[in-house]
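Engineer: For reference, each letter of the sequence shown is one residue, going 15 to 771 in our numbering.
Please keep in mind that the hints were generated in silico from the structure rather than gathered at the bench.
The C-beta atom is built at its ideal place from N, Cα and C for all residues, glycine as well.
Warning: the hint list may mix true and false statements.
As the list claims (entries may be wrong) - Lysine to any residue pairs mimicking SDA-like chemistry, simulated, CA-CA at most 20 Å apart: (1) Lys17 / Tyr70; (2) Lys303 / Asn559; (3) Lys304 / Asp399; (4) Lys303 / Gln612; (5) Lys332 / Ile367; (6) Lys18 / Tyr70; (7) Lys230 / Val728.
Stated by the list, open to error - Using C-beta positions, here's what the derived DEER-type ranges look like: (8) Lys128 / Gly403: 51 to 59 Å; (9) Val763 / Ser274: 39 to 47 Å; (10) Ser351 / Asp193: 43 to 51 Å; (11) Arg195 / Ser354: 45 to 53 Å; (12) Ala61 / Pro205: 17 to 25 Å; (13) Ala429 / Arg401: 26 to 34 Å; (14) Tyr376 / His131: 38 to 46 Å; (15) Val763 / Arg401: 32 to 40 Å; (16) Gln380 / Ser432: 38 to 46 Å; (17) Leu213 / His131: 27 to 35 Å; (18) Gln41 / Asp437: 53 to 61 Å; (19) Leu484 / Ile702: 31 to 39 Å; (20) Thr554 / Thr232: 34 to 42 Å.
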Amino acid sequence: MLKKITILLYIVIIVVLGATTIIEHLQGSDYAPGHLYGAWWFSLLWALLTAFGMAYIVRRRMRRWPLILLHASFVIILAGALLTHLTSRQGVVHLRLGEPTDEYYESPTATGMKVSHLPFKLTLSSFNIDYHEGTRAAADYESVFEVVDGKEVSSGRVSMNNIYTHRGYRFYQSSYDNDQRGSILAMNADPWGIPVTYLGYALLFFSLIYMLIDPKGTFRKLLRSPLLQRTVLLLIVFHCSLFTCRAAASTLPTLHTLPSEQAEAFGRLHMSYNDRICPVETYALDFTKKLYGKRHYGRYSATQVLLGFIFWGDEWSKEPILKIKGGALKSQLELPSHCSVDFFFNETMGGYIIGPYLKEYYNGQQDAFHKQAALIDDKISLVMDLRRGSPLKLFPAGSASWVAPTDALPSTTAAADSVFISDIFNQLYADALSGNNAHFGELVNAIDQYQRLHGTTSLPSPTRDNAEHLYNKIPFATILFMFNLTMGFLMLFYCIWLMTRKADANPSLRKLTWLWTGLLLLSFLALTLCIALRWIVKGTIPMANGYETMLLTAWFIMAITLLSLRTLKSMGPLMLTFGFLLSGFFLLVSHINQMDPQITHMMPVLNSPLLSLHVSIIMMSYALVSLTFICGLVALLLIALAKLLPIYSLSSAREQAEALAVLSRIFLYPALTTMGLGIFIGAIWANISWGNYWSWDPKETWALITFMVYAVVVHTQSLPVFRRPVVYHVYMVLAFLTILMTYFGVNYVLGGMHSYA
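Input sequences plus hints: build the corresponding full structure.
Structural biologist: Shown next, in the form of structure tokens:
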């Protein structure tokens, strides 16, 4: 009875956690703290689960101290959370220059905001915003204030990821007033909850890591399993036509643009784009991909497309370069797959033909039909802005801004510089139309010299510049997703051939396996180069958005595969197949249009080493969990095909499913370890960055749900049903849905602080 109640409470909490994220999405984030996560019944559920869980452990007479410590860590973490809930004080302090205050506004609850008082006063001395060189992108925010505590006077300084503590009160930079004469600090005082919670984290980290190295533990026993000595075979996975290639449009008419040599030189100039200084070719690539969906237009490079619209705008506006996706608007207006800009301007149809739909869209009709009209308008606006010259911020004008030829210049601009900026494009235009390419190149060199003279420290270093040129030149994600998926399916057929030959010990076959290993290593090194180049260009580890985390997950999958080949030698062909297919899948996801590959500066609050550690470990856990999903999928397909087709015997399929279950569990234990470490390292980072180690953000909540769901299947003593391979594999396949929800569902549906789609 005790076990049934504990299991029921566990399931109820998982369901409640999932439901609260949906309710929060529908009702708004302000609704959740007081009505859901702060409600008495929510705390009661956790208290009941803790009480019944502890009673069940005592009744089971658990004697192994590593397991006792592991479960005790969760009890201590929950106790710390309860102390935080009952005793901590949180709020915001609004400071204005020269105005002392001891007031703070408590965090919103079901009853609204409440004004409370600090036992000391704060007076803002200065507030500063540090910008990235040459841009208006904030690199850091800093508040300097005076603290008056009785007769004691001291100074305090707060910036992003740098807190100030006084008498147990911790202050964090949160926001600022628009006039930059006021600062908003988050305040947190939690003298009891944090030490207890951190003790729980420490025990959890130790227990999770010891779980992998314990000689008597399940993980070490799995590594010694005789099932791993058998050859595990992979069956048919449905091959999708992912690689249907169409030849580049060779029938495009000859369009006016600059020759490749002059276009490349122009592309090497610098401009202010996405709040950073980057080569023009970076903007050209984004411009072309947004219009046409590819990095080039037929035989024309992205920079040639850009120059075509700049100097021969009327001609290029007649070219069907706008890619129109399928949808309600395309069907209703009977639009072709590619339209020109001019197509949407028709006097006989009232001018701008999607204008009425845009008006309806901005008046609230945001269904699929009107959203597609807005997307098309975005593409047309890109062209219109370019033809006006506003995006071409090629000229440095002060330490924090670059300007376009059409912008108003600062009053401090020298007369000669003003003439140069306003006149240079007229000369470029004349040379382009007359075909004077040599002089055009000289003018490009003149702009380059102007940038070097006036850009000073805002220009990227030669190393960063060369890294970005190489990164722009090679479409890493596109090449690698096609290569890895192709190799994965070829490896699949190789595994099937091995099964029919039953000759995996043949030396020549082992050499072939080494060949596949070398190909995976080559792909791994190429992806490593891609991530390294992005790191150099960005200046921080690339893991701040969906595109970058997909690359990182693929990297971890290949790294784990290569490292496991030495330990799981008999599983080599299977591991290589998993490594190629899974990494190819994640690279494919990074390649789709929903993922934004643009390189931007990291938000100041994210610029923390703990973020890098948190995301890296979480991505490693996702990579490992993905391998358990593939093991389950393959095992179930194996059994299903054995029942339907006379290719394999059912007994053989079940043996292979059992071996796959062992392999899956070998991935599961380090997956749980890294998932637990990643989640709670993220909690520590959040506490250091903004004073709240757990805020029940949808991403945090679903990460906890995922951890709880995957933790179920390691309890085979209490839940012996999971010792059966088929049941285990079905559960692991279904459990992967929580990963999809955590990563994609939160990003694209639920939103929240962690939404980085």
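Engineer: Give a verdict on every hint.
Structural biologist: Tested hints:
Using a Cα cut-off of 20 Å, the hinted pair Lys17 and Tyr70 holds, with the two alpha carbons roughly 6 Å apart. For the hint pairing Lys303 with Asn559, the CA-to-CA distance comes to about 19 Å; that is within 20 Å, so the pair holds. A C-alpha spacing of about 14 Å is found between Lys304 and Asp399, which places the hinted pair at or below 20 Å, so the restraint holds. Among the hinted pairs, Lys303 with Gln612 is consistent with the structure: their alpha-carbon atoms are about 11 Å apart, no more than 20 Å.
Pair hint Lys332 plus Ile367 holds up; C-alpha atoms about 16 Å apart against a cutoff of 20 Å. In summary, the hint linking Lys18 to Tyr70 is supported, as the alpha carbons are separated by about 10 Å, within the 20 Å threshold. Proposed proximity of Lys230 and Val728 is supported: the alpha carbons are some 15 Å apart, at most 20 Å. Separated by about 53 Å at the C-beta atoms, Lys128 and Gly403 satisfy the suggested range of 51 to 59 Å.
As the Cβ distance of Val763 to Ser274 is approximately 44 Å, the hint placing it in 39 to 47 Å holds. Checked against the hint of 43 to 51 Å, the C-beta distance between Ser351 and Asp193 comes to roughly 50 Å, which is consistent with it. Checked against the given bound of 45 to 53 Å, the beta carbons of Arg195 and Ser354, roughly 50 Å apart, stay inside it. Remark: the range hint 17 to 25 Å for Ala61 to Pro205 is upheld by a beta-carbon distance near 22 Å.
Judged by the Cβ atoms, the range 26 to 34 Å given for Ala429 and Arg401 holds: they are separated by roughly 28 Å. Taking 38 to 46 Å as the suggested C-beta distance range, the pair Tyr376 and His131 conforms, at roughly 45 Å. In this structure the hint that Val763 and Arg401 lie 32 to 40 Å apart at CB holds, the actual value being about 37 Å. A beta carbon spacing of about 44 Å between Gln380 and Ser432 agrees with the range 38 to 46 Å that was offered as a hint.
Taking 27 to 35 Å as the suggested C-beta distance range, the pair Leu213 and His131 conforms, at roughly 31 Å. For Gln41 paired with Asp437, a C-beta distance near 58 Å keeps the hint of 53 to 61 Å intact. One distance hint, 31 to 39 Å for the beta-carbon pair Leu484 and Ile702, holds here, with the actual separation near 36 Å. For Thr554 paired with Thr232, a C-beta distance near 39 Å keeps the hint of 34 to 42 Å intact.
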